Each structure stands twice: as C-alpha cells, then as structure tokens.
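Produce the complete structure using the sequences and hints provided.
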Amino acid sequence: MKNSQAMHRATMRPYQISGKWYYPTLAKVADEQRGIASWYGPNFHAKKTSNGEIYNMYAMTAAHKTLPMNTMVKVDNLENGRSIVVRINDRGPFVTGRIIDLSNKAAHAIDMVKNGTAKVKITVLGFHGKIAKTSIEKNEVMSVGKYYVQVGAFRRIEGAQITKRKFENIIGNNYNVIIKEGYFENAPINRVWVSGFRSEEEANDFKAKLGINGAMIIAQ
1 MKNSQAMHRA TMRPYQISGK WYYPTLAKVA DEQRGIASWY GPNFHAKKTS NGEIYNMYAM
61 TAAHKTLPMN TMVKVDNLEN GRSIVVRIND RGPFVTGRII DLSNKAAHAI DMVKNGTAKV
121 KITVLGFHGK IAKTSIEKNE VMSVGKYYVQ VGAFRRIEGA QITKRKFENI IGNNYNVIIK
181 EGYFENAPIN RVWVSGFRSE EEANDFKAKL GINGAMIIAQ
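Counted the way UniProt numbering counts, the sequence shown spans residues 1 to 220.
The set of hints was computed from the structure by calculation and includes no laboratory data.
Certain hints may be false.
Said to hold, decoys possible - Within a straight-line C-alpha distance of at most 20 Å, the following computed DMTMM-like cross-link-like pairs (lysine to aspartate or glutamate) qualify:
1. Lys114 to Glu185
2. Lys65 to Asp31
3. Lys164 to Glu181
4. Lys130 to Asp31
5. Lys105 to Glu202
6. Lys121 to Glu79
7. Lys121 to Asp31
8. Lys65 to Glu32
Please read these numbers as outputs of a predicted model, since none were measured by experiment.
Below, the structure written as structure tokens:
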C-alpha cells in the first residue's frame, strides 16, 4: 500500500478527464454516498492505479473520483443486502451517475458481476488503509470479516428449505445454515448460505472437503 505524504499531496490535486475537472476532497468517518457501482477487471489487471500501485483485480480495492487514497469504505449493495469493505487506491469511474468502481473480487463478493452495476451506499470507515476505532464502536462494520459458502439459490422458498435441511444434517453443529432472501434480475431469490467461517481459507477448505459443485464463497 502506497501511503506517503508526497503521494497524498499528489493524489489530492485537482485533475481533468475528458475536459471535466475533478476535485479530491477530505472526508470524515461516517460520510455516506448513494449511487451506482460498477466494476473493472481484466483490461486493467497489473496496470498502475492512480496512486502508483499495481492494480490487482483479486484484491479488495476500488476507484473513487474524489475520496482520499487509502480511504476505507463499506459498500452496501442495496439490491441484495450484501456488503463489503474496500480500500480506495484508484480514480474513477468517469461515467455519469456512477460513484465507485469495484475490483473484480469486490464485485463478486456483493454479487454484481453478471449485471455489471448495482445500486449501492458507501460509508467512510477510516483512512490510511485502517478502519477507525469509532466506526467499530458504532457497529458500522458489524459484518466485516464474515465468510459464507453459498450452496444453493432458488426462486421458490421450498427448494431453499429442502437444501437447508440437507446441509444441516451434513454439517452438524459446526456451522449454521441460513436462508438469505433477496432479489436477482427483478425477481425474488432465496439463497442458502452456510455461515460461521472465520476466514476465506476456512470457507475454501469446507467447500473443497464437501466437493459442492457451484458453491460460492461470500465475504461480508
């Protein structure tokens, strides 16, 4: 993570894209913004970001037009209830109405890769790559560090309930199985998640051990 005073000064200067000027501004913890999120990936992977880092589409990062570099923000997908925390390390998206451009991994975590965009709320949690203590005290990041394995998704609740009971019998008391109701392509959907994983590695081990076809890891 690049976080020098010189980098901070350089990336807070006004800049011009396609004839339009943008003015990076200071922010404070709990600042919120609502709008459309998009994502960027393969075409930019391994290229330099606006703060001089090498873009890694598999890292939990994002681009924002004006927030200071290394600002930590929570992104809530208002269409399905999923949330993530990302670090700002690039500028963009330069499309009217869009407020944040997520890495490929971050977009996968809130299930917006297929649609390409999603309505989101972003909340400032901290700066210099760290989450502020006050954010934690106010429970603004209650779901940070939680991992789930999605083992099924059904339009009908009956299918989700059958799958839930099936996995409850398989896993015993080690983990919990929950049904998350949401919307996908403007229609209700019931996702079956196994919860209780403390790390992505633990979730991956569980997925591999059970050999579940199509299972997906969710980070919140």
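Quick rundown of the hints versus the structure:
{"no.": "1", "hint": "Lys114 to Glu185", "verdict": "holds, 10 Å"}
{"no.": "2", "hint": "Lys65 to Asp31", "verdict": "holds, 15 Å"}
{"no.": "3", "hint": "Lys164 to Glu181", "verdict": "holds, 13 Å"}
{"no.": "4", "hint": "Lys130 to Asp31", "verdict": "holds, 16 Å"}
{"no.": "5", "hint": "Lys105 to Glu202", "verdict": "holds, 18 Å"}
{"no.": "6", "hint": "Lys121 to Glu79", "verdict": "holds, 10 Å"}
{"no.": "7", "hint": "Lys121 to Asp31", "verdict": "holds, 10 Å"}
{"no.": "8", "hint": "Lys65 to Glu32", "verdict": "holds, 14 Å"}
When each numbered hint is compared with the structure, no violation occurs for any of them.
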